Amino acid sequence: MTVFGTGAATGSYDELENTDVILVWGSNTQECHPIIFNHMRRGIKNGAKMVVIDPRRIDQTKLAYKYLPVRVGTDIALANAMGHVIIEENLVHQEFIQNATEQFELYKKAVQSYTPEYAEKITGIPAEDIREIARLYATAYKATICWTLGITEHHNGTENVFSLINLALLTGHIGKYGSGLNPLRGQNNVQGGGDMGALPNRLVGGWNVDDPEGRKLHEQVWGVSVPEKIGKHQTLMLDAMEQKEIKALYVIGENPVQSDADGNHVQRLFESLEFLVVQDILMTKTAMLADVVLPATGWAENDGTLVNSERRIQRVRPAIKGPGISRHDHEIIQDIANKMGANWKYQSAEDIWEEIRLLAPNFAGVTYKRIDEEGGLQWPCPDESHKGTPFLHGRLWSKDVGMKAKFVPTDYQPPAEVPDQEYPLMLTTGRRLQFYNTGVQTSNYKKVKNAEEGLEIHPDDAAQHGLNDGDPVRVSSRRGSVVTKIRISNKQPRGLVFMTFHFPDQVSTNVLTNHATDPLAGTAEFKACAVKIGKHEEEYPLTEAQ
Amino acid sequence: MENQVETICSFCGTGCGLVVEVENDKVSKVKGHKENPSSHGETCVKGALGWEYINSDRRLTEPLIRKNGKLTPASWDEALTLIAEKFSTLKDKHGPDAFGCFSSSRSTNELNFLAGKFMRTVIGTNNIDSCNRT
Ligand code: SF4
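Chain order of the listed sequences is A and B. For the first sequence, counting from 1, position 33 maps to 33 in our numbering; every step adds exactly one. For the second sequence, counting from 1, position 43 maps to 43 in our numbering; every step adds exactly one.
These aren't lab readings, by the way, just hints derived from the structure by calculation. Just so you know, not all the hints are guaranteed correct.
[Unchecked claim] EDC-like mimics (lysine to aspartate or glutamate), calculated; alpha carbons at most 20 Å apart, straight line:
(1) B:Lys26 - A:Glu301
(2) A:Lys339 - B:Glu85
(3) B:Lys31 - A:Asp372
(4) A:Lys229 - B:Asp92
(5) B:Lys67 - A:Glu274
(6) B:Lys31 - B:Glu52
(7) A:Lys66 - A:Glu120
(8) B:Lys34 - A:Asp372
Here the structure is a predicted model, which is why all the values come from computation and not from measurement.
Using the sequences provided together with the hints, build the complete structure.
Here's what the structure looks like:
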């Protein structure tokens with residue numbers, strides 16, 4: 001969300017209970033963020049209309065006022081057509097556009113060609129439905145948009161997000177209680193990882209790496225200079241490994257060999273490294289390739305803070321000791337640093353937090369003591385008397401707007417790979433309730449249902465291939481192939497099949513997916529790739545079936 | 001350590017508040033934390049039951065070093081000294097941009113902060129990313 005200078009949800013969960021329209025765009029909130037979905041559910045009870053925009057008829061569509069079955073990867077065309085309608089029917093918030101935004105004319109020109117009829121051809125959504133939802137959103141008193149992976153896991157994911165921000169700017173649905181733009185974060189501390197500067201272009205507290213003021217502050221606090229050159233994001237690092245430019249890698253708590261798009265390729269890259277250090281709580285496929293493996297403590301064992309999807313800084317606390325001689329992540333890093341000549345003296349997670357407060361103005365008012373006494377606080381929280389900030393960008397409605405919000409025109413581009421004669425089906429990947437990413441954490445927990453990978457497919461597509469529910473099937477893309485089982489599902493539209501990436505020991509879904517990357521954010525194209533399927537004759541080895 | 005500890009769920013980005021109950025040095029039960037302002041005591045099935053993985057026999061319990069192609073148990077000092085030496089040699093030979101770090105979007109702010117500080121001030125590169133950019 002560079003439009004506003006920060007990458008975070010603008011609102012709070014409770015606002016979902018006090019709004020009039022909720023656009024749930026490319027987010028299976030019910031399964032991926034069940035408790036945020038409970039807030040939406042209460043919002044619906046209070047009278048909000050929920051619109052679900054998703055290629056799959058997921059369960060939450062049952063609660064929807066309207067369901068728009070958008071074709072995979074065509075979200076920009078839909079958003080632009082909504083913008084087209086809002087402008088054409090003069091439903092824009094004139095005053096807000098004038099006072100708080102820039103580049104409206106540019107946007108207006110960009111969406112001129114996106115008539116609902118044109119968008120219908122691309123998205124598959126009837127023009128009349130596009131008009132209706134555009135009007136519903138624009139004329140609501142309060143309206144909010146929530147999205148997740150469905151929007152960002154595309155090669156043009158950043159543009160997708162801009163296309164949604166543009167809608168909020170058109171209508172003024174931003175910077176007010178009950179109106180906002182909310183990316184729901186997949187893993188528990190995606191927000192915090194970014195806020196802490198674990199990004200190639202950001203320092204602690206969201207400072208750009210090349211911002212002189214931020215650099216100066218870091219150099220004052222750290223007493224050493226900070227490299228100037230913007231670093232490589234994950235996908236560029238993989239490319240640099242391929243070019244033999246990156247020779248040593250330090251992987252902390254991640255399993256990229258299993259969770260990255262195009263898994264076979266990633267494994268080869270890791271094998272070719274000169275030196276690989278993996279620090280984790282479990283033995284993973286990535287750890288098996290390492291030169292040194294370091295055992296870390298995990299949930300319920302370590303101390304520190306996290307930031308959730310409503311920007312709330314919360315404490316995790318140790319309840320038990322870690323297994324064996326495992327140690328806290330931050331102690332391990334400090335020891336390596338000091339062995340390499342640094343002189344760090346953190347005695348606790350809190351000592352580290354105190355340094356974070358010096359560098360991140362938005363966190364400066366938050367102390368461990370305050371969290372213990374008052375509960376988690378929402379950033380920005382600039383000083384110790386500040387109560388935290390439930391929603392962002394209120395300034396856009398004040399006289400003193402400050403930096404204006406820019407419209408960023410976007411254009412629809414087809415997915416990097418589309419079905420053709422040889423690979424006639426589109427595959428998307430996603431999550432199911434109860435499972436978590438690559439299953440490192442959850443695949444051995446007992447109470448799970450459906451603990452088995454499967455290829456979800458429309459009944460007619462299955463019939464066309466002569467496949468019945470439960471049949472073993474080989475799924476192949478241009479990059480690799482896997483064997484799994486057919487699961488006939490009415491959630492799927494024709495031509496679209498669905499798999500999760502929860503069970504890498506059974507089925508490595510990510511060997512199929514595409515390495516094409518969003519040039520701005522470095523998010524790989526997990527969501528769409530072309531595949532073919534065929535009956536698999538041998539018995540499918542259900543090695544890890546629970 | 002107390003036998004009831006307030007903490008936050010380790011799974012999705014909702015960040016629900018949990019209360020962890022401990023018996024005989026093991027987690028015995030996890031329930032929602034009523035006073036948590038984000039989740040008001042609610043949890044989903046993952047938050048309430050999915051934590052069993054912490055007792056998995058795939059947990060790492062000691063440092064491992066690859067010797068003759070095989071990962072072999074080692075002491076902390078041996079493992080960390082090897083890393084420091086190898087990192088220093090590679091940095092002298094190839095420069096700081098020959099390094100990269102994938103940091104965890106499941107881990108704490110404090111870890112991510114230190115990983116960034118380590119890469120920027122000890123190694124000297126901005127090649128760091130939190131894995132899941134969503
Ligand atoms: S309890 Fe469920 S909804 Fe809440 S953070 Fe954990 S996984 Fe997410």
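Each hint, compared with the structure:
This hinted pair checks out: B:Lys26 and A:Glu301 have alpha carbons roughly 10 Å apart, not beyond 20 Å. Taking the CA atoms of A:Lys339 and B:Glu85, the gap is about 8 Å. The hint holds against a cut of 20 Å. The hinted pair formed by B:Lys31 and A:Asp372 meets the criterion: a straight-line CA distance of about 19 Å does not exceed 20 Å. Proximity of A:Lys229 to B:Asp92 is assessed by CA-CA distance (about 19 Å); at most 20 Å being required, the pair is judged to hold.
Of the pairs offered as hints, the one joining B:Lys67 and A:Glu274 holds, with about 14 Å between alpha carbons and a cut-off of 20 Å not exceeded. For a cut-off of 20 Å, the pair hint linking B:Lys31 to B:Glu52 stands: about 14 Å separates their Cα positions. For the suggested pair A:Lys66 and A:Glu120, the alpha carbons sit about 16 Å apart, so the restraint of at most 20 Å is met. Distance check on the hinted pair: B:Lys34 and A:Asp372 sit about 15 Å apart at the alpha-carbon level, within 20 Å; holds.
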